[in-house]
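Participant: Here is what each chain is made of, one letter per residue.
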Amino acid sequence: MIDFFFTYESLFDLILVNALLAMSQYVVLRAGVFSLGTAGFAALGAYGCALLVTRAGWPPALAIAAGMAIGTAASVLLALPLSRLRGVFQAVATLAFVQIVLSATQNWVELTNGALGINGIPKVVGLGTLTVVTLLVVAFLVAMGRFSFGRALDVIREDETVAVSLGISVPRYHRIAFIMSGALAGLAGGLHACNSYTITPGEFGFQMLVNVLAMVVLGGRTSVWGALAGAAILSTLPELFRVFADYRNMVQGVLMMLVIVYLPRGVADSFIVAVGDRRSRQASAVHGPRHETAVSVVHAAASDAGVRP
Amino acid sequence: MFLQQIINGIVVGSVYGLFALGFTLLFGVNHIMNMAHGSVFMWGAFAGLYAVLGFEAPVGVALLAGMVAGGLMSVLLDLVAFRPLRRRGAPEFSAIVSSIGANLVLLAVAQKVSNTAVMRFPFDAFPVVVYRVFGLRIQLLQLVIMGVVLLMVAGLVHALYRTEFGRRIRAVAFSEPTARLLGINPTLVNMQVFFISGALAGLAGVLIGLVFNSVHFGMGEPLLLRAFVIVILGGLGSIPGALIAGLIIGIVQTLGIAYVSAGMAEAIVFLALFVVILVRPTGLFGQAGATMRVRRA
Amino acid sequence: MTQTLVLENVARHFGGVPAVDGLSLAVPAGRITGLIGPNGAGKTTVVNLITGMLHLSAGRVLLGGRDVSREEAPELARAGVARTFQNIRLVADASVLDNVLAGFHRHEKTGLMANLFGLPSARAETARLRAEAMTLLERFGMAALALERAGSLSYGHQRRIEMMRALAAQPSLLLLDEPVAGMNDAEAESLAGIFRAVAGEGVAVLLIEHNMRFVMSLCSHLYVLASGRLIAEGAPEVVGRDPRVVEAYLGA
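Residue numbers (our numbering), protein chains in the order written: chain G, 1 to 309; chain R, 1 to 297; chain D, 1 to 252.
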């Protein structure tokens with residue numbers, strides 16, 4: 001059993017880093033913000049951390065925190081202008097941001113070593129650290145979804161007009177979701193840098209952008225479980241079907257198209273809804289057509305209500 | 001030297017404009033951002049190259065091959081990636097995701113088929129003739145390209161504004177339900193628009209392949225990014241916007257590469273996009289965004 | 001009798017074409033006021049003008065005596081304006097309870113940070129709001145369905161959820177935009193009972209409908225709109241017999 005983990009350690013590392021990235025993407029999409037900027041913030045976090053460790057001799061833990069701070073700072077700067085945009089404009093603006101960061105990392109050779117990337121980053125982040133961080137983030141996001149913040153996000157995403165009519169300040173929530181996304185991506189980037197000896201600009205380009213989007217599309221963009229499921233599936237698919245590794249992009253593309261048409265909520269979220277619906281159908285089959293049942297029963301159920309995380 | 005770069009920029013910019021035109025047409029009529037448009041462009045280039053390499057066809061035929069291939073590929077894209085979503089009334093987000101997926105597939109196939117090689121047109125594909133005018137070097141190829149672009153644009157504008165066919169397209173662009181009431185079949189019109197858009201992209205592909213003498217499975221991606229800048233600068237859905245912005249970007253890029261560096265030129269183009277989106281998202285000629293936030297209208 | 005909502009000579013033009021012109025009306029607290037008219041009369045435009053979706057071309061809107069003509073929708077919502085929509089706009093995948101909870105937004109006191117981190121104050125408030133939401137559900141006879149996915153319920157149930165969401169905000173002005181469209185008489189009647197109860201609690205209710213019959217028994221005062229102008233107003237029995245009103249409905 002232990003052998004299993006060691007052999008596949010790098011795969012698990014990948015799944016967890018991808019999970020963090022996917023959660024970064026999920027937060028904005030849940031709020032209805034069409035941001036594709038995760039790869040850009042991850043790049044900033046990774047390079048920030050790597051440079052501080054290799055060039056300035058910072059202790060890795062501090063450097064990772066700094067990486068997260070840089071990602072957060074960038075998203076704070078962009079949040080205000082971005083919250084004035086909608087839909088495709090947000091997508092294109094964040095896409096341009098990713099491209100700008102990519103250009104900077106590729107061409108600002110004195111700082112980033114260009115296309116060669118930064119080498120010799122001490123690998124201090126292992127499976128244990130990644131697991132703990134991921135669990136903390138999941139717990140945080142689940143909690144976030146449970147209270148008014150999560151509810152507000154859902155209303156904004158479904159129908160902005162309704163949100164506005166309920167007094168919700170849409171730009172404010174968009175900004176917050178965007179900043180959370182930047183922070184998470186920056187964290188993921190920093191952790192990734194200290195988990196792999198080298199980072200290169202190419203890792204944070206359109207390949208990552210599409211991958212991260214695909215994970216959330218596949219798994220689901222309205223619950224944390226969706227992001228996790230998507231990350232797990234897309235990270236392991238090339239491993240399980242080694243023979244398809246060549247065709248990885250094609251498979252990913254086909255999956256995206258199929259899922260968005262036939263299972264638009266994503267695999268995990270569709271499953272959650274289906275289970276919920278089945279349970280209520282069974283309940284009504286047992287109890288007959290629904291009218292007011294004993295109030296006390298309902299109160300008990302509602303007090304630890306199954307609010308979606 | 002400066003003027004020379006301007007000319008080069010205009011030539012490249014006009015082809016960019018052609019490509020962006022197809023993109024903006026799709027948006028104007030269907031409200032779709034076709035993220036696979038770059039791959040259509042690339043496959044058009046492949047088709048044109050194949051016509052020349054495989055059949056020793058003259059350049060004119062290659063251009064035609066590119067147009068047809070691009071048009072057909074675009075229609076296929078509509079059938080597979082967009083129509084199922086339209087039928088289900090899916091939101092904008094879904095269409096973009098679907099086209100990203102389709103793009104991946106098209107790229108992967110092209111990569112396999114071409115073995116990731118960078119291919120070139122044979123030397124004799126186009127006569128290398130250079131004119132010297134006022135101390136500037138103008139290639140015959142460049143003149144031909146500009147001629148082709150002008151012809152295409154003129155043809156498109158004529159078709160859109162002076163024919164029944166174009167009237168139907170504009171009706172659907174204005175309002176699909178209204179067009180339906182007038183007896184217009186939106187499905188057919190959509191298909192036609194996809195074909196035209198793809199044909200323009202495919203043609204642009206062959207032209208760019210000739211200008212830079214390079215055909216490669218990844219050639220579409222930088223172009224799609226340019227197209228974003230162009231259509232947003234020019235205004236989503238605006239024809240003159242796409243063309244004028246195309247010229248501007250072509251010139252800016254060429255000057256950037258000549259006087260700064262290739263990498264920086266890229267970054268400059270994107271910073272420009274960023275600034276435009278933030279300052280004036282509707283661009284030079286675009287209609288006031290339907291995509292803006294909920295406020296008193 | 002306090003006038004919660006007053007429109008003074010309100011107009012809205014679209015490119016020179018008046019959708020609404022010279023409209024003045026008043027909606028008092030504790031009563032149900034009706035705004036009726038044939039399709040295309042401009043009723044939806046009026047709703048949008050009141051709720052901050054459209055700019056006024058002319059005139060003023062006063063809420064509780066205060067000029068709110070230029071305020072944006074979230075501000076109006078926070079000032080106590082609630083509305084329902086013609087087409088159902090719920091979060092389909094969320095539970096009935098969550099949908100109704102969203103309506104409490106303007107009353108939430110705990111800050112963002114507390115909510116983000118699940119601090120005790122946020123938990124306590126959410127529990128309190130859940131209890132209040134459950135009370136609302138019981139009143140509407142949907143307590144048993146609290147955890148059902150809103151999208152899986154019947155049209156009648158979904159309409160009620162929308163109503164509960166609007167009431168959760170404890171508005172001073174409630175705009176009902178064709179709330180019983182597509183319902184059978186029994187369902188409509190049961191909702192009518194709820195409207196009366198709500199008005200009885202002091203809320204000013206503006207009911208927008210084009211179904212004359214439904215409106216007759218419910219409203220204390222009617223305004224009739226046709227082609228963007230007020231053609232009649234007064235008690236329902238009087239308005240119902242007004243030849244201009246009859247003609248507007250028949251001619252439309």
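Keep in mind that the hints are not guaranteed to be accurate.
[What the hints assert, rightly or not] Ranges of calculated distance between the beta carbons of each label pair, as one might list FRET restraints: (1) G:R278 - R:G155: 56 to 62 Å; (2) D:H107 - R:T163: 36 to 42 Å; (3) D:S217 - R:V279: 53 to 59 Å; (4) D:H107 - R:P177: 38 to 44 Å.
Rather than coming from a laboratory, the hints here were simulated on the basis of the structure. The beta-carbon is built from N, C-alpha and C at its ideal position, and this holds for glycine as well.
Participant: Give a verdict on every hint.
Facilitator: Hints, verified against the model:
1. About 57 Å separates the C-beta atoms of R278 of chain G and G155 of chain R, a value consistent with the hinted range of 56 to 62 Å.
2. Taken as a hint, the range 36 to 42 Å is violated for the pair H107 of chain D and T163 of chain R, whose Cβ atoms sit roughly 59 Å apart.
3. Taking 53 to 59 Å as the suggested C-beta distance range, the pair S217 of chain D and V279 of chain R conforms, at roughly 56 Å.
4. At roughly 40 Å, the beta-carbon separation of H107 of chain D and P177 of chain R lies within the given 38 to 44 Å, and the hint holds.
Taken one by one, the earlier hints fail for this structure only at number 2.
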